[in-house]
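**Student:** Here is how the chains run, residue by residue.
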Amino acid sequence: MITYDSVTKIFGTGKDTVTALDNVSFTMPKGEVVVFLGPSGCGKTTTLRLTNRLETLTRGNITIEDQNIMDIDIVQLRQRLGYVIQAIGLFPNKTIAENIAVVPKLLGWDKERISERIDDLLQMNNLEPELYRERYPAELSGGQQQRVGVARGLAADPDILLMDEPFGAIDPINREEIQNEFLKLQANLKKTVAFVSHDIHEAIKMGDRIAIFNKGRLIQYDTPEVILTQPKNKFVADFVGSDRALKVLGLMRVSDVINRKPKNIIQGTDRSQEALNFLDAREFRYGIVIERNRPIGFVTQKSLKYEEGPVRDVVEHYPLFLREKTSLRDVLSFMLMHDAGTFCVVDEDKNFAGTVTYNDIQKAVKESYADEAESGENGVPV
Amino acid sequence: MSTLQFIVDNFNEVMYLSWEHIWIVGVALLIATPIGVILGIIITKHEQFASRVLNGANILMTVPSIALFGLMLPVLAIVNMGLGKVPAVIALILYSQLPIIRNTYTAIKNVPPSLVDAGRGMGMDKWKLLRELEIPLAIPVIIAGLRTAAVMNIGIAAIATYIGAGGLGVYIQQGIARVYPEMILSGAILVSLLAIVVDGGMAILERFATPEGIKVQRKLAR
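Protein sequences appear in the order of chains A and B.
Residues in the first sequence are numbered from 507 upward in steps of one, following the working numbering.
Residues in the second sequence are numbered from 507 upward in steps of one, following the working numbering.
The reader is advised that the hints may include incorrect statements.
Said to hold, decoys possible - No more than 30 Å apart at the CA atoms, straight line, and that leaves these computed lysine-lysine pairs for BS3-like: (1) B:K591 with A:K600; (2) A:K711 with A:K808; (3) A:K536 with A:K711; (4) A:K767 with A:K536; (5) B:K632 with B:K551; (6) A:K769 with B:K632; (7) B:K591 with B:K551; (8) A:K769 with A:K869; (9) A:K696 with A:K617; (10) B:K721 with A:K521; (11) A:K617 with B:K721; (12) A:K611 with B:K615; (13) B:K615 with B:K591; (14) B:K615 with A:K600; (15) B:K551 with A:K600; (16) A:K536 with A:K521; (17) A:K811 with A:K831; (18) B:K591 with A:K611; (19) A:K740 with A:K872; (20) A:K811 with A:K711; (21) B:K632 with A:K611; (22) B:K634 with A:K769; (23) B:K634 with A:K600; (24) A:K831 with A:K696; (25) A:K611 with A:K690; (26) B:K615 with A:K521; (27) A:K696 with A:K611; (28) A:K600 with B:K725; (29) A:K769 with A:K808; (30) A:K808 with A:K856; (31) A:K711 with A:K769; (32) A:K740 with A:K696; (33) A:K769 with B:K725; (34) A:K611 with B:K634; (35) A:K617 with B:K591; (36) B:K615 with B:K721; (37) A:K721 with A:K767.
If you're looking for bench data, these hints aren't it; they were derived computationally from the structure.
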């Protein structure tokens, strides 16, 4: 746990002073990723650098596990906090192994322990140790270098990781991949992570919480869902973007809106006319066809009208099936691509689990914004 | 052809004068290097002295060597060392300072700040940073400074013959005095040859001292 209490940082002296951070207070819970987000010069990086005392506090306190950082020896403090910066932070004169070994060596680990740790970390970051140990940073791609950067930050197994735009210098495709890898890693390691970013997408994806800074002030500190659905003011709303409804969908899963007991179910063995009567009586435009508990497609009243045989012969197949953990953003995208208003959800065994309709999604989005409607008069665009 | 004959005829003397020349330049460089490198490093950490130190070294460079010998003569005469090898070595040490200090300063300054930051952030103190990061990255440029200094000093040492320091300048000076072209040419050619050989040797040293990772980086950047 890291606590920031009335943290203020003023750069310069005399009349050339710049207040980089103004009275910022918040607490980072143990084991969570907190993204420090904001435009450049907002104070997010300063906050990070104050934490490992690369900058000196002007006023206020920072405590780590109830211990004031000013009471900890500066070198010990830094060795306790893993530090990851953009890919350029690797020492070009050292091999990958030597780069990872920096902090363990400072801590005086013996050679074997360091060597084992290097192999573990490389493996953890999807880099083959035999292939990469003796390479130099220049021989690695940007994504690989950044993985080594993460490995180096984790080398001495610190409880806390400070990451300063760690994936900023990587192309979008690799960034996506390395973000996913890091999330997987973090799910096991449960480090307390301070993660500086200027990218709202990254913040939503990586953060358990997001701290939004502007002009040296902490504007809002909340979970991504709350930031997206209830931005505190116009700055936050603008920063998260006018497409924040879509971003909320990115956070929601099929399991949040699934209809597990749809009423328009037809068995594949039913006769077409039977099915037509069934749909007609309940005023359903279409029915979902299931055979041996597996969804095979759908039929509309129109397609059944002149048919005699079993429903399975006239069924129109779905282009794809959803899983419970599919994000609603993807679902919406599928709906647009395939011009479909409904998709079926299946479980691991491809058994029918429920349906998701466009209306379900819209309702969910509306609900998540329900609180905001009340505060709409504060000038927050709804 | 007669120049070559002169060298062959006076082979022992040629070897002796060459050795003397190398000795003066070598001793001067051995003393100048630690002074220059340490000064160069100090001014990267204490920026307020940087321009003063560099300007001082620059002014030293602008003093003609013959004038410098003349200036040192009365001072060193007090301890009875106005002539000979001592003033020559001192002059060469002074002349070496600019290339050595400037190259050290520039090279350490050119270490990307993000790397220094990463090191500090991981808890390296400034000695560790210097030893494990800054000096290894700076070493090729520092040696390039030594190379400049060495080659320049070989030329200046030829003039030091006028204050009785010896070396290959003796042939040039005496050759002129005795109107003996073969002698002048022998001195000139041997000094030039020495400079070329030392320059080449330093180039090899430069390559040898460059960290492997930096070589790889350069090769891939090409």
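**Student:** If any of the earlier hints don't hold here, list their numbers in rising order.
**Tutor:** Checked against the structure, the hints that fail are numbers 1, 2, 4, 6, 7, 10, 13, 16, 17, 18, 20, 22, 31, 32, 33, 35 and 37, while the rest are satisfied.
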